[in-house]
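Residue numbering for the sequence shown follows my numbering, starting at 12 and increasing by one per position.
No lab work stands behind these hints, which were simulated from the structure alone. Wrong hints could be hidden among the right ones.
To be verified - FRET-style restraints, in silico, Cβ to Cβ:
1) P460 to T776: 26 to 32 Å
2) Q110 to D141: 43 to 49 Å
3) H649 to R736: 49 to 55 Å
4) P467 to A342: 36 to 42 Å
5) E250 to H649: 34 to 40 Å
6) I305 to E260: 52 to 58 Å
7) A217 to A382: 48 to 54 Å
8) E260 to E497: 31 to 37 Å
9) E341 to A144: 45 to 51 Å
10) Q511 to P460: 48 to 54 Å
All C-beta atoms in this analysis are idealised placements derived from N, C-alpha and C, irrespective of residue type, glycine included.
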Amino acid sequence: MTDVVVVESPAKAKTINKYLGQDFTVLASFGHVRDLPPKDGSVRPDEDFAMDWTAEDRGEKQVAAIAKAVKGARNLYLATDPDREGEAISWHVQEMLRQKGALKGVQVHRITFNEITKRAVQTALAQPRDLDAPLIDAYLARRALDYLVGFTLSPVLWRKLPGSRSAGRVQSVALRLICEREAEIEIFRAREYWTVEGRFLTLDGAPFVARLTHLHGKKLEQFDLGNEAAALEAKAAVEAADFTISAIEKKRVRRNPPPPFTTSTLQQESSRKLSFGAQQTMRLAQQLYEGVEIRGETVGLITYMRTDGVQMAREAIAGIRDHVREAFGEAYLPASPREYTSRAKNAQEAHEAIRPTDVARTPEEVARYLAPDQRRLYELVWKRAVASQMQSAELDQTGIELSQPTRQTRMRATGSVVAFDGFLKLYREDIDDAPGGAGSEDEDTRMLPPMREQDPARLSAAQADQHFTQPPPRYSEASLVKKMEELGIGRPSTYASILQTLQDRDYVKLEKRRFLPEDRGRLVTAFLVNFFERYVDTGFTASLEEQLDDISGGRADWRAVMRAFWEDFNAAIAATKDLTISAVIDALDQELGPHFFPAPGDGSDPRACPACGNGRLGLRLGRNGAFIGCSNYPECRHTRPLTVAGENEAEGALAGGVKELGPDTATGEMVSLRRGPYGLYVQLGEGSTNEKGKAIKPKRASLVRGMDPDSITIEKALALLALPRIVGIHPESGDEISAAVGRFGPYVKMGSIYKSLDRDDDVLTVGINRAVALLADAKAKVRSLGNHPKDGEVVEVKRGRFGPYAQHAGFVASLPRGTQMDDVTLEQAVLLLAEKGKKLTPPGGIKKPTKKPTARKASAEAGDDAAPVKRKAPPKVKSSPRATRKASPRAKAKV
12 MTDVVVVESP AKAKTINKYL GQDFTVLASF GHVRDLPPKD GSVRPDEDFA
62 MDWTAEDRGE KQVAAIAKAV KGARNLYLAT DPDREGEAIS WHVQEMLRQK
112 GALKGVQVHR ITFNEITKRA VQTALAQPRD LDAPLIDAYL ARRALDYLVG
162 FTLSPVLWRK LPGSRSAGRV QSVALRLICE REAEIEIFRA REYWTVEGRF
212 LTLDGAPFVA RLTHLHGKKL EQFDLGNEAA ALEAKAAVEA ADFTISAIEK
262 KRVRRNPPPP FTTSTLQQES SRKLSFGAQQ TMRLAQQLYE GVEIRGETVG
312 LITYMRTDGV QMAREAIAGI RDHVREAFGE AYLPASPREY TSRAKNAQEA
362 HEAIRPTDVA RTPEEVARYL APDQRRLYEL VWKRAVASQM QSAELDQTGI
412 ELSQPTRQTR MRATGSVVAF DGFLKLYRED IDDAPGGAGS EDEDTRMLPP
462 MREQDPARLS AAQADQHFTQ PPPRYSEASL VKKMEELGIG RPSTYASILQ
512 TLQDRDYVKL EKRRFLPEDR GRLVTAFLVN FFERYVDTGF TASLEEQLDD
562 ISGGRADWRA VMRAFWEDFN AAIAATKDLT ISAVIDALDQ ELGPHFFPAP
612 GDGSDPRACP ACGNGRLGLR LGRNGAFIGC SNYPECRHTR PLTVAGENEA
662 EGALAGGVKE LGPDTATGEM VSLRRGPYGL YVQLGEGSTN EKGKAIKPKR
712 ASLVRGMDPD SITIEKALAL LALPRIVGIH PESGDEISAA VGRFGPYVKM
762 GSIYKSLDRD DDVLTVGINR AVALLADAKA KVRSLGNHPK DGEVVEVKRG
812 RFGPYAQHAG FVASLPRGTQ MDDVTLEQAV LLLAEKGKKL TPPGGIKKPT
862 KKPTARKASA EAGDDAAPVK RKAPPKVKSS PRATRKASPR AKAKV
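Start from the sequences, fold in the hints, and give me the full structure.
This is how it looks when you write it as structure tokens:
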């Protein structure tokens with residue numbers, strides 16, 4: 012019998028199966044096979060944090076397939092991802108197989124590899140190990156923590172602050188960072204300052220620019236020239252002086268290359284250079300890691316993409332150094348390999364940095380096998396890894412001081428010249444997230460003309476420039492990930508999902524690639540800061556991450572950590588039992604007053620009610636959440652809603668409701684962006700009429716949720732109008748997969764199987780690997796039994812909201828209670844449909860028949876003299892105690 016290897020994804024399984032051949036059966040778990048059920052009691056602190064685990068149909072089906080394959084096998088290799096989550100998935104698979112009794116006589120091994128190449132997989136098979144118990148304990152602790160915070164704190168939030176969604180252990184800290192930065196921006200007051208520059212000519216007539224640094228013998232600080240009068244006085248002093256070159260300073264500096272990518276630095280650079288979001292970056296990196304088809308062979312192009320390690324394998328470094336020597340020459344190769352260590356707080360040097368699996372596969376060589384976005388990301392990873400082993404760049408920095416004879420007035424000119432480009436020949440990192448930040452290209456290449464000390468410098472012009480201080484910038488995805496990494500909160504695998512959850516909850520929105528907190532997000536943050544300050548404190552969250560790392564390293568017991576956390580956290584929750592909603596509103600009103608009621612410039616009261624004149628506006632709370640209301644309620648009913656996510660979306664994007672994007676190259680018709688009653692859409696032409704004069708509507712396509720109307724180009728509009736599009740052919744079934752937009756949003760389709768795209772998926776660019784993975788989940792909910800013996804149409808079993816059911820030709824029948832989808836035969840389904848089949852309700856529901864006139868109405872129509880019709884009272888039904896018992900509500904919180 013063959014040995015069995017379990018990996019996480021079907022794409023990875025297909026690739027590895029080719030590497031290992033007929034002696035192995037490679038199966039996918041499709042990620043986690045079981046999880047904590049989303050209800051109270053799944054984690055029980057009173058029972059020393061015992062946990063309940065449940066598997067959905069997909070997990071049960073995959074484990075059943077693994078159990079079937081393991082029967083008679085000698086070895087089971089658990090080869091899930093090489094991180095804490097991967098270790099947990101392997102543990103879940105092993106536990107479920109053990110419960111099924113499928114591991115008798117089977118040796119279970121854990122193997123990991125950092126790249127999906129034949130050499131790496133075979134090396135891993137030769138070096139199996141046991142499951143890492145401390146890593147599993149760390150997973151259990153993290154899962155229990157996130158569950159208890161979410162399912163304990165979120166209900167408090169719902170009761171005390173209606174309209175809020177959920178709270179999460181790390182999510183809430185990230186939200187606090189965004190909200191506090193916005194508060195800093197709101198209270199920021201710009202301050203004016205001026206600078207004076209002079210344009211000079213050397214003896215040879217070469218121009219250069221210098222800035223005023225000393226006036227009247229005093230060094231100028233930033234705000235010393237605080238107004239135009241002072242600036243003009245300084246400008247006049249410069250114009251009246253005779254300057255000479257009093258000093259020349261030259262020094263050579265070295266700039267070392269940055270280390271290869273970790274998860275967070277990849278997300279940051281991808282955001283800055285490629286404008287990719289964190290979710291998009293990780294999805295593309297997953298595709299490059301799992302492999303692409305190159306010359307008939309599936310090849311993993313990069314190493315595992317969830318890591319905070321910056322070190323690389325010695326053989327990889329040797330290969331990169333050989334490439335640098337061959338491609339750039341000995342001058343670009345340092346004498347010895349560069350060794351990097353992570354400076355991130357709580358970094359786990361568990362696996363390598365993100366690098367190409369084979370440096371010989373250059374971006375140019377593999378470009379034709381990759382989608383455009385895949386190619387751009389692979390090029391970024393490849394260049395960064397190669398540059399990390401290149402020689403340092405050398406820059407000659409020069410400082411020139413100019414002064415008049417008494418040295419009362421002095422100016423300074425600076426510049427630098429790249430003496431040796433080194434790694435800059437291949438890769439230039441964005442040192443600063445802001446334009447023109449330190450290390451930008453302008454600074455590196457600014458040159459000064461040759462000059463000598465005591466040479467005169469002739470002033471050709473002087474100018475005074477006004478400036479204003481700028482508020483701190485809002486967080487971008489890149490800068491927020493960087494901040495979280497610096498603080499030591501979250502982990503590489505969680506950053507993308509945390510940022511997405513904040514947007515899904517309508518706590519924040521992305522505007523021009525910067526995070527803005529919604530009012531709902533600010534209310535939640537203010538509530539948590541006022542009543543649960545410790546649990547949204549960055550220091551506390553970071554220390555908890557350190558304890559989790561101690562657990563994964565075998566230095567701490569996970570239950571002891573949980574007991575210490577739960578004792579304090581449970582007490583904090585209990586302390587809010589008597590907290591009234593009015594007390595909550597008063598606290599939030601005081602803290603968020605400057606945001607909701609900014610002071611007007613005329614000195615009037617920002618809280619004065621515009622309706623009644625003598626009432627005061629304040630924060631109020633209703634069943635649907637917070638709003639602004641008048642203190643004179645109910646006499647004055649003036650209210651003002653808080654801003655809602657998407658409320659002002661695309662305002663101003665369209666002038667007059669129509670924005671022309673350009674002509675269609677195929678038809679010449681104008682393509683336009685328009686606003687309709689159901690939102691924004693693109694349209695081709697203006698429509699026409701047929702031979703009978705009947706109007707023919709023009710072709711239209713709605714914008715998908717999340718699309719920025721300002722970013723809709725003619726190319727993107729035509730792509731929307733061309734939907735549905737063919738994504739590709741399924742590698743196993745050979746069926747065609749297409750992508751389109753339907754009533755409920757974008758989806759992918761194969762035959763009769765549909766699957767909605769996730770929020771970060773793009774219907775215009777979703778690739779075959781992603782589509783196959785999505786459809787695999789949908790296929791687990793649909794099973795074809797064969798053709799009906801009467802009409803030959805397909806009979807299927809499907810998983811619905813209320814359980815499995817059979818379907819055929821518009822008729823459905825629920826399966827008997829306890830019957831599994833995999834147990835139903837074609838004959839049983841046909842019999843069930845014949846006996847209990849009901850016609851499938853069409854979209855929009857069944858049209859109700861016209862009601863017949865009631866007796867009273869008929870009587871009225873017959874005239875006042877018509878005899879009244881007596882009605883029988885409906886029989887009284889004795890209610891059952893069970894029927895009147897209220898079902899306990901289930902708390903649903905996303906952790």
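Right, here's what the structure says about each hint:
Here the CB-CB span from P460 to T776 is close to 49 Å, at odds with the stated 26 to 32 Å. Range check, Q110 to D141: Cβ separation about 19 Å, and the 43 to 49 Å hint is violated. In this structure, H649 and R736 meet the distance hint of 49 to 55 Å, their C-beta atoms being roughly 51 Å apart. Separation of P467 from A342 is about 40 Å and conforms to the stated range, judged on CB atoms against 36 to 42 Å.
At roughly 60 Å, the beta carbons of E250 and H649 sit outside the given window of 34 to 40 Å. For I305 paired with E260, a C-beta distance near 53 Å keeps the hint of 52 to 58 Å intact. The hint said 48 to 54 Å for the Cβ distance between A217 and A382, and at roughly 50 Å that hint holds. Evaluation of the 31 to 37 Å hint for E260 and E497 yields a pass: the beta carbon distance comes to about 34 Å.
The hint said 45 to 51 Å for the Cβ distance between E341 and A144, and at roughly 49 Å that hint holds. Checked against the hint of 48 to 54 Å, the pair Q511 and P460 passes, with Cβ atoms roughly 52 Å apart.
The structure shown violates the earlier hints numbered 1, 2 and 5.
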